[in-house]
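Using the sequences and the hints given, assemble the complete structure.
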Amino acid sequence: MIARWPWAAGGGPSSEAALVFDRARAHRLLIVPPLFEEMNRTRRLLVETMRRLDAAGIDSMLPDLPGCNESLEPFAAQSLTRWRAAMAHAAQHFDVTHALAVRGGALILPAALPGWLYEPAKGASLLRQMLRARIVAAREQGIAEDSAGLIEQGRKHGLELAGYGFGAALIAELEEAVPPATGLREIRQGELEGGALWLRSEPDDNPQQAEALAQIIAREIAG
Amino acid sequence: MTQHTADDTDPMLRAVLRDVLGLDAARAAALGPNSGLFGALPELDSMAVAGLFTELEDRFGFMIDDDEVDGDLLETFGSLLAFTQAKRAAA
Numbered sequence: 001m002i003a004r005w006p007w008a009a010g011g012g013p014s015s016e017a018a019l020v021f022d023r024a025r026a027h028r029l030l031i032v033p034p035l036f037e038e039m040n041r042t043r044r045l046l047v048e049t050m051r052r053l054d055a056a057g058i059d060s061m062l063p064d065l066p067g068c069n070e071s072l073e074p075f076a077a078q079s080l081t082r083w084r085a086a087m088a089h090a091a092q093h094f095d096v097t098h099a100l101a102v103r104g105g106a107l108i109l110p111a112a113l114p115g116w117l118y119e120p121a122k123g124a125s126l127l128r129q130m131l132r133a134r135i136v137a138a139r140e141q142g143i144a145e146d147s148a149g150l151i152e153q154g155r156k157h158g159l160e161l162a163g164y165g166f167g168a169a170l171i172a173e174l175e176e177a178v179p180p181a182t183g184l185r186e187i188r189q190g191e192l193e194g195g196a197l198w199l200r201s202e203p204d205d206n207p208q209q210a211e212a213l214a215q216i217i218a219r220e221i222a223g
Numbered sequence: 001m002t003q004h005t006a007d008d009t010d011p012m013l014r015a016v017l018r019d020v021l022g023l024d025a026a027r028a029a030a031l032g033p034n035s036g037l038f039g040a041l042p043e044l045d046s047m048a049v050a051g052l053f054t055e056l057e058d059r060f061g062f063m064i065d066d067d068e069v070d071g072d073l074l075e076t077f078g079s080l081l082a083f084t085q086a087k088r089a090a091a
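Protein sequence lines correspond, in order, to chains A and B. Per the numbering used here: the first sequence = residues 1 to 223. Per the numbering used here: the second sequence = residues 1 to 91.
Since the hints were derived computationally from the structure, they do not count as laboratory data. All the given hints hold, so there is nothing to weed out.
Computed footprint of chain A on chain B; a stretch qualifies when at least three of its residues, placed anywhere within it, have a C-beta under 8 Å from a C-beta of chain A:
{"#": "1", "segment": "11-23"}
{"#": "2", "segment": "50-56"}
{"#": "3", "segment": "60-70"}
Computed cross-link-like contacts, SDA-like style, restricted to lysine to any residue with a CA-CA straight-line distance of at most 20 Å:
{"#": "4", "chain 1": "A", "residue 1": "K122", "chain 2": "B", "residue 2": "F62"}
{"#": "5", "chain 1": "A", "residue 1": "K122", "chain 2": "B", "residue 2": "R59"}
{"#": "6", "chain 1": "A", "residue 1": "K122", "chain 2": "B", "residue 2": "I64"}
{"#": "7", "chain 1": "B", "residue 1": "K87", "chain 2": "B", "residue 2": "D67"}
{"#": "8", "chain 1": "A", "residue 1": "K122", "chain 2": "B", "residue 2": "E57"}
{"#": "9", "chain 1": "A", "residue 1": "K122", "chain 2": "B", "residue 2": "G61"}
{"#": "10", "chain 1": "A", "residue 1": "K122", "chain 2": "B", "residue 2": "E55"}
{"#": "11", "chain 1": "A", "residue 1": "K122", "chain 2": "B", "residue 2": "M63"}
{"#": "12", "chain 1": "A", "residue 1": "K122", "chain 2": "B", "residue 2": "T54"}
{"#": "13", "chain 1": "A", "residue 1": "K122", "chain 2": "B", "residue 2": "D58"}
{"#": "14", "chain 1": "A", "residue 1": "K156", "chain 2": "A", "residue 2": "A77"}
{"#": "15", "chain 1": "A", "residue 1": "K122", "chain 2": "B", "residue 2": "F60"}
{"#": "16", "chain 1": "A", "residue 1": "K122", "chain 2": "B", "residue 2": "D65"}
Where a beta carbon is used, it is the ideal one built from N, C-alpha and C, also for glycine.
Written out as structure tokens, the structure reads:
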């Protein structure tokens with residue numbers, strides 16, 4: 001079901017949505033989603049994983065990032081700092097006991113939660129890939145662009161990448177952001193078998209991978 | 001160096017294409033030297049091209065410059081394989 005969690009947008013009190021399986025059980029998992037297009041490509045995998053965690057007796061919450069999905073905030077106003085603060089709010093509101101950060105979600109994981117990083121991604125790698133997509137698309141139209149020039153422009157004025165209007169703060173933070181060295185357990189794609197869904201050019205699902213991911217969490221959350 | 005060696009680049013490259021484009025095993029195995037990629041595979045749009053190059057860098061451990069990323073490189077499976085082998089040899 002969809003729940004709301006409080007988040008102050010702009011001046012007044014506001015809220016953002018989260019998909020939740022919440023039966024007030026002892027183990028409560030915050031899922032910090034991947035960033036940008038990878039969020040869409042992994043949505044079905046994560047929702048299917050939540051269903052299986054629910055069946056295994058574990059509550060889970062998948063919040064929208066401000067500026068994404070159903071959020072009314074402008075994307076251009078977002079930054080990693082803002083998203084990290086929002087995820088900390090969500091963690092507190094839902095009183096979670098653990099967190100699973102997926103890919104770029106590791107860059108905005110609230111501190112001090114035990115849990116898992118599923119194939120954590122560096123900000124620079126995510127940025128590089130989106131820059132490349134823009135350069136390739138521009139070249140098809142006979143326009144020459146290069147990464148260095150685009151980054152320079154992005155740091156000063158923001159940048160249009162992968163269909164999102166990035167603000168300057170988000171570009172600058174992404175260049176430097178690396179997953180936290182917290183000693184959290186890292187889940188590798190090889191443990192789930194099959195190709196990573198965020199690499200696909202079209203969103204896809206994979207029930208076997210969802211089952212494998214849910215099993216890892218169910219097994220380790222108890223231990 | 002144009003000499004062909006029995007390395008693992010070919011199967012690794014097919015695995016990257018399977019993962020990035022979601023090709024099934026049969027389609028990935030059926031790619032020959034002259035099989036078209038960019039413009040021939042509907043899965044390979046500009047976003048997928050970017051994902052493909054980033055994944056090649058991660059798995060093979062080399063870096064690809066902006067000016068190396070062009071359509072010729074992705075014209076056929078054979079051209080991409082030759083590029084990947086050359087990058088590995090130089091890395």
